[in-house]
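Student: Here is what each chain is made of, one letter per residue.
Number of protein chains: 2
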Amino acid sequence: MKPLKIGILGGGQLGRMLLQSAANYHVETYVLESGNNPPASSLCHHFVEGDIRDFDTVYTFGKKVDVLTIEIENVNVDALFKLEAEGVRVVPKPAVLQTIKDKGLQKQFYVDHGIPTSDFILTENEEDAKLKTEYLPAAHKLRTGGYDGKGVSILKSAADMDKAFKEPSVLEKLVDIDKEIAVMVARDRKGSIAVYPPVEMVFDPKYNLVDMLVSPADISAAQTAEVQRVAKQVIDALGSEGVFAVEMFIDKAGNVLVNETAPRAHNSGHQSIEGNYSSQYDMQMRVLQQLPLGSTGTILPSLMLNLIGEEGHSGPVRYQGLDEALQIKGVYIHLYGKHETKPGRKMGHVTILGENKNDLLAKARSLKSLLKVVSYE
Amino acid sequence: MKPLKIGILGGGQLGRMLLQSAANYHVETYVLESGNNPPASSLCHHFVEGDIRDFDTVYTFGKKVDVLTIEIENVNVDALFKLEAEGVRVVPKPAVLQTIKDKGLQKQFYVDHGIPTSDFILTENEEDAKLKTEYLPAAHKLRTGGYDGKGVSILKSAADMDKAFKEPSVLEKLVDIDKEIAVMVARDRKGSIAVYPPVEMVFDPKYNLVDMLVSPADISAAQTAEVQRVAKQVIDALGSEGVFAVEMFIDKAGNVLVNETAPRAHNSGHQSIEGNYSSQYDMQMRVLQQLPLGSTGTILPSLMLNLIGEEGHSGPVRYQGLDEALQIKGVYIHLYGKHETKPGRKMGHVTILGENKNDLLAKARSLKSLLKVVSYE
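Chains as they are written, first to last, in our numbering: chain A, 246 to 622; chain B, 246 to 622.
Since no wrong hints were added, every one of them can be taken at face value.
Straight-line distance between alpha carbons at most 25 Å, and here's what the computed DSS-like set of lysine-lysine pairs gives:
hint: 1; chain 1: A; residue 1: K250; chain 2: B; residue 2: K587
hint: 2; chain 1: B; residue 1: K602; chain 2: B; residue 2: K617
hint: 3; chain 1: B; residue 1: K617; chain 2: A; residue 2: K250
Hint data in this document are derived by calculation from the structure and do not stem from the laboratory.
Turn these sequences into a full structure, and let the hints steer you where they fit.
Tutor: Structural data, given as structure tokens:
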């Protein structure tokens, strides 16, 4: 049969890694992204330059393919609704994208479906936020357009209210966090669900970026079962095929609260390339092709470290310490093909395979001191 | 720094899998191959259509890149000598390619370096072969141009002499084979060598193709040490950086004899993608970039099964049984992006990860009966 034509909206690193997996299958790949050299552009059969937020561009692109997927949420959902209505398979469903893209709708979705989440209120402007001091300390999050830590303000007290957003936002009571956990989930067309082992996140407070994660998470068997149950509950409620990341907090009292869900492969699943039988990208390829879901089993414990542009370095990138880093057994480098670094930019990641969490953390600490993303000009 | 420009001569499946690994690094990739849609063409930055056997084509292509490598031996070596003389890094060295491409020179090389190999004699034509009945039973192999089992005739007795080659060939005494073993070896510029665990090959007698292999080989620790020692001896003697496959026989008396060496990633190393810490392709990327060699350690025992076009099927390909195959835990599909199947054509491979050889063989037998490469027209 003819290779399945798969269209990917977005040409960043998630698309790039999806295409590395796509090359294992009998498919023809299309990527839509602006700019002439994004990370995914050199690994697809057909690169189309265009704006993923533009209705006509997305619609025209979608008409070329058998199935359309995303590697970023910030796409034109109206075009996806029209394509879906005209019989193009869209994974995940446009309705799910619409709910998730708006953090206000997303929070309300959790409430409507009995999914545990932190208390929140919607704000229309910064004056509105200022009236809600009973929610402090809180996270103020733009309802739309935030990514990678941008669009989030932490409001500890009334004195921080100048950092409140003017635009429609969600004001969430801060959770007294014990652990931050993410669970990747895949769902196929028939409703079968595969749940990955939970991963434990360690944030870099400076950039508010996920900096490091360990898989499987260092939590009890009961907590593992509970976060997997909640993650499955979210994906069952969303009712769409696809690959999803459910980010959760476990608070100091042991409660599990859903923070947010991403309807796509995610930073929290990178380590699955080496650490799990079927990676999040392989899983996405299986879903797109309507093949059986893969095994989420752990091959070896793994740790993922983001490679982030150093402070004070902007320009053509150089990876300092790569030589030393690659001498460590079980270290896998993934560079995203970005030519220019800047402070805080995600330029790549490293996966480490090891025997246990302590072994992984020891290797990660060496790596963090060795390996730097700098510019050479 | 600017991404290293890597040129690959040949655009088949080995190039395709090398490019999947290349996408983990900060490199710019060029592929030279004829035809407008070979397996590697959609995964590189620059695809150049042209004949890898043509002097001017290879020379012009080589001048564009920082380092040149191969995924097939059948390239214009004279152009590589000229490029090397003009300062282009060529991996492996052209001199090694020249020796290995000619099975006569290759056999003589083993003799000259005290490397154990089966007795042989060179023949100029079929009359010449007929005079050497004392070598029977023998394998008659074309000195140049053979691949994937083509260019090899088994001459059991004088009655088979009509199958002898007219062209210059090697007549090798048949070895009383107990096991066929391959050892992948990587060597960097400084002469450091990394040796993979030996793999054990099972041939499909019908197509004279490697059909299945198991890693690590089911041989004693002493035999493992011996085949690894011999493989290292071959690569030390060749004295070139690169990735190599040393194919060996262990005869019924327990002697290790080198059959032949490939100066590149090889069918015998496919399972390293999932089964070993650094795959043969990752290793090649490390060598090309002058990064440290990776770990050859086994993550889990693995089995590799070639997916070969079924007899009686020619035309657009269909992979029958993929759905059932992908339900088996630890099964990884690698399809090579070839649109047309024909009997005996290598269309892909499957790697299986498992606990031990028996587990792997049981899964392989199910897979072989499930999964068929057929045409749909």
